[in-house]
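2 protein chains.
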Amino acid sequence: MNFQISRDKFYNALTIASRAISSNSPVPALTGILITASDNELLLTASNAVISIQMTLSNEKDPDLGLSISGEGSIVIESRFLMDIVKKIDSDQIKIEIIDGTLTHFEGNKAEYKINCIRPEDYPSIDFSEPSTKFEINSGTLNEFITQTVFAAAVKETRPVLTGVNFNSDGKEIVCTGTDSYRLSRRTAPIASDPFMITVPSKTLNEVKNIFAEDQTVKVALNDKKIQFSNDKVMLQSTLLEGDFPDTNRLIPNDFTRTMLINRTVLLDALDRAAFIKTDNISTMNLQMTGADDISLSNRSQEIGEFHEVLNAVSYEGDPLDISFSGQYMMDALRIFKGENVKISFTGVMKPFIITEEDDSSVIELILPVRTYM
Amino acid sequence: MNFQISRDKFYNALTIASRAISSNSPVPALTGILITASDNELLLTASNAVISIQMTLSNEKDPDLGLSISGEGSIVIESRFLMDIVKKIDSDQIKIEIIDGTLTHFEGNKAEYKINCIRPEDYPSIDFSEPSTKFEINSGTLNEFITQTVFAAAVKETRPVLTGVNFNSDGKEIVCTGTDSYRLSRRTAPIASDPFMITVPSKTLNEVKNIFAEDQTVKVALNDKKIQFSNDKVMLQSTLLEGDFPDTNRLIPNDFTRTMLINRTVLLDALDRAAFIKTDNISTMNLQMTGADDISLSNRSQEIGEFHEVLNAVSYEGDPLDISFSGQYMMDALRIFKGENVKISFTGVMKPFIITEEDDSSVIELILPVRTYM
Numbered sequence: 000m001n002f003q004i005s006r007d008k009f010y011n012a013l014t015i016a017s018r019a020i021s022s023n024s025p026v027p028a029l030t031g032i033l034i035t036a037s038d039n040e041l042l043l044t045a046s047n048a049v050i051s052i053q054m055t056l057s058n059e060k061d062p063d064l065g066l067s068i069s070g071e072g073s074i075v076i077e078s079r080f081l082m083d084i085v086k087k088i089d090s091d092q093i094k095i096e097i098i099d100g101t102l103t104h105f106e107g108n109k110a111e112y113k114i115n116c117i118r119p120e121d122y123p124s125i126d127f128s129e130p131s132t133k134f135e136i137n138s139g140t141l142n143e144f145i146t147q148t149v150f151a152a153a154v155k156e157t158r159p160v161l162t163g164v165n166f167n168s169d170g171k172e173i174v175c176t177g178t179d180s181y182r183l184s185r186r187t188a189p190i191a192s193d194p195f196m197i198t199v200p201s202k203t204l205n206e207v208k209n210i211f212a213e214d215q216t217v218k219v220a221l222n223d224k225k226i227q228f229s230n231d232k233v234m235l236q237s238t239l240l241e242g243d244f245p246d247t248n249r250l251i252p253n254d255f256t257r258t259m260l261i262n263r264t265v266l267l268d269a270l271d272r273a274a275f276i277k278t279d280n281i282s283t284m285n286l287q288m289t290g291a292d293d294i295s296l297s298n299r300s301q302e303i304g305e306f307h308e309v310l311n312a313v314s315y316e317g318d319p320l321d322i323s324f325s326g327q328y329m330m331d332a333l334r335i336f337k338g339e340n341v342k343i344s345f346t347g348v349m350k351p352f353i354i355t356e357e358d359d360s361s362v363i364e365l366i367l368p369v370r371t372y373m
Numbered sequence: 000m001n002f003q004i005s006r007d008k009f010y011n012a013l014t015i016a017s018r019a020i021s022s023n024s025p026v027p028a029l030t031g032i033l034i035t036a037s038d039n040e041l042l043l044t045a046s047n048a049v050i051s052i053q054m055t056l057s058n059e060k061d062p063d064l065g066l067s068i069s070g071e072g073s074i075v076i077e078s079r080f081l082m083d084i085v086k087k088i089d090s091d092q093i094k095i096e097i098i099d100g101t102l103t104h105f106e107g108n109k110a111e112y113k114i115n116c117i118r119p120e121d122y123p124s125i126d127f128s129e130p131s132t133k134f135e136i137n138s139g140t141l142n143e144f145i146t147q148t149v150f151a152a153a154v155k156e157t158r159p160v161l162t163g164v165n166f167n168s169d170g171k172e173i174v175c176t177g178t179d180s181y182r183l184s185r186r187t188a189p190i191a192s193d194p195f196m197i198t199v200p201s202k203t204l205n206e207v208k209n210i211f212a213e214d215q216t217v218k219v220a221l222n223d224k225k226i227q228f229s230n231d232k233v234m235l236q237s238t239l240l241e242g243d244f245p246d247t248n249r250l251i252p253n254d255f256t257r258t259m260l261i262n263r264t265v266l267l268d269a270l271d272r273a274a275f276i277k278t279d280n281i282s283t284m285n286l287q288m289t290g291a292d293d294i295s296l297s298n299r300s301q302e303i304g305e306f307h308e309v310l311n312a313v314s315y316e317g318d319p320l321d322i323s324f325s326g327q328y329m330m331d332a333l334r335i336f337k338g339e340n341v342k343i344s345f346t347g348v349m350k351p352f353i354i355t356e357e358d359d360s361s362v363i364e365l366i367l368p369v370r371t372y373m
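Line by line, the protein sequences give chains Z and A.
No gaps in the numbering here: position 210 of the first sequence is 209 in numbering that gives the first Met the number 0, and each next residue is one more.
No gaps in the numbering here: position 130 of the second sequence is 129 in numbering that gives the first Met the number 0, and each next residue is one more.
No lab work stands behind these hints: they were computed from the structure.
All clues stand as given, with none of them false.
No copy is singled out in the list; a pair is fine if it fits within one copy or between any two copies.
With a straight-line Cα cutoff of 27 Å, these simulated DSSO-like cross-link-like pairs (lysine-lysine) come out:
| id | residue 1 | residue 2 |
| --- | --- | --- |
| 1 | Lys-133 | Lys-218 |
| 2 | Lys-337 | Lys-109 |
| 3 | Lys-86 | Lys-277 |
| 4 | Lys-94 | Lys-113 |
| 5 | Lys-277 | Lys-113 |
| 6 | Lys-86 | Lys-337 |
| 7 | Lys-277 | Lys-94 |
| 8 | Lys-277 | Lys-109 |
Whole structure, please, built from the sequences with the hints as guidance.
Set out below in structure tokens:
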């Protein structure tokens, strides 16, 4: 293997590929990036067993790449060493050549390295074949899906399937749901495809957001084992979470006895002011609502003390209500909206309530109240 | 105690005072800030037993403070709660009043808190009396002293006195020295005072740098137990490190057999390129010098591989020399200089060498070479 390539372009590609690397992988070869130089393109492969990334670099796809391959072959190079060398070498082009077995030569202007690398035979074989269920989505929409649902997924591994976001298609629209069983976040969008029902790990989705950042079309392909997100240069493939995702449809109420329309920032700021008052590390907020001009937010802890603030809502319809909930959950939910006001719809003191935009229910946040003895 | 004050001004003062707080102090009261309201000023005290900070807030010293005291008294308020309240409360002025024992009321516009605080009697008594040896120094110069010496002090507590910087005055000039016994950094400046010899903890000096950041005159007062840094609003007091600081004068050679003048950034960049090649987590660099145009920097590890780069020096005088040293120490030393070139003066393969500016030895860096078997 012997090639040279633009230092900047190569470094940018490595930055993306290395997102799949776990520095403490039990498989030594997986701490490295597999580089394969063929006739006219360079293939980079990185994986942590759950997430795998494959990048294709060619002058055809990127005219500024300056790729020149004078010898085919492949090698696995420790990711952190490779990135350090490419970042710091003293020239705009870097030359990389296998000189003896796995000993690889890196050459800049006056600086040169000889680094012990890993045999490509030691790199696990990864099946990048394309699954049959496919759709396309704008990266902006995809990233919104992710931002609006991942935060509500479980962090604890007690029920592994809840540590991911469920993607469910009836053929006409895709419903994304994240829940830790105390709160739920759901985003719906009209995207046609074959019907499917899968759960994608949150970690995968966070990497997808980092990789497909700009406004571009992302191709998605999936089956019941894996999902691929790709454009013409990079493909991120991930295993799926096993297990049945709970049927969350029946949790979301449709009829409400009270509805409050309130300025999102006003409520968020008040919750934030009170957030440090915690009992057993949880900040439980209490809302007493009697009318639009009489919304009282309070929070109390035996140890620390208490907070109280009177808020004005835009409107309040229904009987008075006194309800308590996790302040953190409410703040998380409010932060994913963008509009000036949010609509909070209640059915009763101990019944889940939902938060939506004023005139749009493509995003639904659901929170379970908590019982308090204040 | 009952007063109101500008939220922004109060928050800025708390940010400074809280630098002395250790969140996990074994003395509960020391996790708080002691606020004392007297006739026309507010006194803030914070301490972690080593470093203590006292701030005086009055309308006389700051016309925009908006301080209005309607009841004298004092209270200790948990630092992180106090800062959170003052940062987030919904008004430009904040009112603080003790309402019952240690229960303290914080009032903004619509938001209000009642917080359980700590009795001022539980706060340790701190002696802020002024020591007799005094001098004044510009904060810019003081911060240079600190930046140029603290990095060379020991991190390990094996010899506690080496975890600080030694300040030594013969009456005419002050010599600041930091050393971990493998390298040394010394800054000398002509500042008159009574003679003294003290060692100030590195942590103290780092806080001094944060607090007296702008161009101002800092008053320094010290004796053999403590040191105070102050302006008219804030005083930082610190205990000193006990134990005899080594006599480092005899370590610094005066006669040299070889001298190299080299571009600082060129050498620094080359060292940085090679820094990831480590054996037992230490990157040992080797310099082979035969003439100004033949300076060879290399670095090798059995496990990782090797690096090599040929550098051009501005000048090299003396016989050829082959010397090895810690790359990290050399990079640390080079980074504190500002000029284009540095002068590196050697006496022999296993003798300490020194680095200075080209025409100025007010800052001297000394590094002990290491033996290698490359």
